[in-house]
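Colleague: Sequence:
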Amino acid sequence: MKYTKQLPVIIGLTVIIGLFSFAVADTPAAIKPKEKLSDYGFFTGNIKDLSPASQVFPYTLNSTLFSSYAEKLRFVYIPNGVTVNYTDSGVLQFPEGSILIKNFYYSNDVRHPEKGRRIIETRLLAHTANGWEAWPYYWNNEQTEAYYDVAGETTEISYINENGKKIKAPYYVPNKNECKGCHSYNQQMIPIGPTAAQLNRTADNTGTQQNQLLNWQTLGWLQGVPTLEKIPKMPVWNDAASGTLNQRARAYLDANCAHCHRTGGPAETSGLLLTYSENNSTSSGINKAPVATGKGSAGRLFDIVPGKPEASILLYRMQTTDPGQAMPELGREQVHKEAIALITEWIKNMPANGN
Numbered sequence: 001m002k003y004t005k006q007l008p009v010i011i012g013l014t015v016i017i018g019l020f021s022f023a024v025a026d027t028p029a030a031i032k033p034k035e036k037l038s039d040y041g042f043f044t045g046n047i048k049d050l051s052p053a054s055q056v057f058p059y060t061l062n063s064t065l066f067s068s069y070a071e072k073l074r075f076v077y078i079p080n081g082v083t084v085n086y087t088d089s090g091v092l093q094f095p096e097g098s099i100l101i102k103n104f105y106y107s108n109d110v111r112h113p114e115k116g117r118r119i120i121e122t123r124l125l126a127h128t129a130n131g132w133e134a135w136p137y138y139w140n141n142e143q144t145e146a147y148y149d150v151a152g153e154t155t156e157i158s159y160i161n162e163n164g165k166k167i168k169a170p171y172y173v174p175n176k177n178e179c180k181g182c183h184s185y186n187q188q189m190i191p192i193g194p195t196a197a198q199l200n201r202t203a204d205n206t207g208t209q210q211n212q213l214l215n216w217q218t219l220g221w222l223q224g225v226p227t228l229e230k231i232p233k234m235p236v237w238n239d240a241a242s243g244t245l246n247q248r249a250r251a252y253l254d255a256n257c258a259h260c261h262r263t264g265g266p267a268e269t270s271g272l273l274l275t276y277s278e279n280n281s282t283s284s285g286i287n288k289a290p291v292a293t294g295k296g297s298a299g300r301l302f303d304i305v306p307g308k309p310e311a312s313i314l315l316y317r318m319q320t321t322d323p324g325q326a327m328p329e330l331g332r333e334q335v336h337k338e339a340i341a342l343i344t345e346w347i348k349n350m351p352a353n354g355n
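Here the sequence shown stands for residues 1 to 355, where the numbers follow full-length UniProt numbering.
In case anyone wonders, no lab produced these hints; they're calculated from the structure.
DEER-style ranges, computed between Cβ atoms: (1) Gln223 x Lys348: 42 to 52 Å; (2) Lys230 x Ala341: 29 to 39 Å; (3) Glu153 x Gln223: 38 to 48 Å; (4) Thr44 x Thr83: 21 to 31 Å; (5) Ala292 x Gly207: 43 to 53 Å; (6) Gln210 x Ala292: 46 to 56 Å; (7) Ala341 x Thr83: 36 to 46 Å; (8) Arg111 x Thr144: 25 to 35 Å; (9) Lys308 x Val82: 49 to 59 Å; (10) Ala341 x Asn287: 18 to 28 Å; (11) Ala352 x Thr208: 40 to 50 Å; (12) Asp204 x Glu329: 27 to 37 Å; (13) Ala203 x Val82: 15 to 25 Å.
The C-beta atom is built at its ideal place from N, Cα and C for all residues, glycine as well.
Work the whole structure out from these sequences, hints included.
Modeller: Okay, structure coming up:
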């Protein structure tokens with residue numbers, strides 16, 4: 001495999017402080033991707049253990065993006081001495097220098113995590129002086145390092161699922177440019193996941209069960225957090241206790257489709273808007289004829305037909321593995337069977353007018 005090498009960047013006389021270089025005048029140097037993941041110092045000890053270092057904070061989302069059954073560990077690096085601003089709308093306002101860290105892995109046996117895992121890739125989303133940039137890293141087979149890899153990779157994964165079945169499947173690591181396909185909003189690259197609604201949950205990230213947002217506020221690096229009852233909350237799509245069938249289906253579509261299918265997103269021109277907050281039933285796909293799906297409609301006439309999941313384009317495109325028809329377009333080599341069951345049940349029980 002050919003890895004991209006980092007050319008040295010010299011900005012006057014620099015000294016190394018923490019993870020990044022700073023000029024002697026205390027002006028932050030341009031953050032650049034490093035050749036190896038270990039060069040950032042995000043993790044302590046054996047890098048494959050993914051034990052966070054100082055200023056690296058784990059986080060969990062309520063409803064997550066499906067990536068061919070890959071498991072994920074998420075962290076955010078916040079530079080010392082800066083704060084993140086809370087907002088109800090969109091992603092939290094991470095300052096320049098922040099880096100979102102998402103690790104994709106497969107447990108050798110999902111039923112027994114103690115039997116080890118294989119980390120496939122780590123995706124960094126860095127807030128630089130030029131905006132957000134995507135830096136992909138691909139792990140070696142020895143699990144001793146991940147290397148900056150702009151070209152993308154195709155590999156085969158093998159694991160035992162929760163039912164005891166041996167799974168072998170292809171896995172595609174997107175190239176650097178493909179990251180823009182999902183992380184684009186009004187033609188600017190932005191993060192997707194860490195919104196207040198997605199982060200508003202109890203998690204055991206610090207050894208005790210507590211709300212993530214309130215914990216971050218206590219740690220001193222998140223400011224402007226309102227009282228808990230005023231913070232929006234996204235349902236957990238596969239937890240019936242977290243919301244109604246309609247709410248959980250909408251939460252799944254928000255997490256898996258709305259990064260493109262929203263106003264300002266790459267698929268805005270389709271007219272199909274799948275954000276959790278969308279309140280126009282036609283824009284949400286109900287009895288809506290597609291703008292241009294080509295063979296992606298498979299002869300179906302409407303995105304969602306209430307009471308008829310088998311006649312709904314949206315469900316068909318979630319089920320197919322045809323590269324020219326499958327949705328999402330990137331990052332799904334396997335069919336998400338549990339989500340298919342949820343969306344099928346949702347459409348089957350939908351009133352004729354969709355409301």
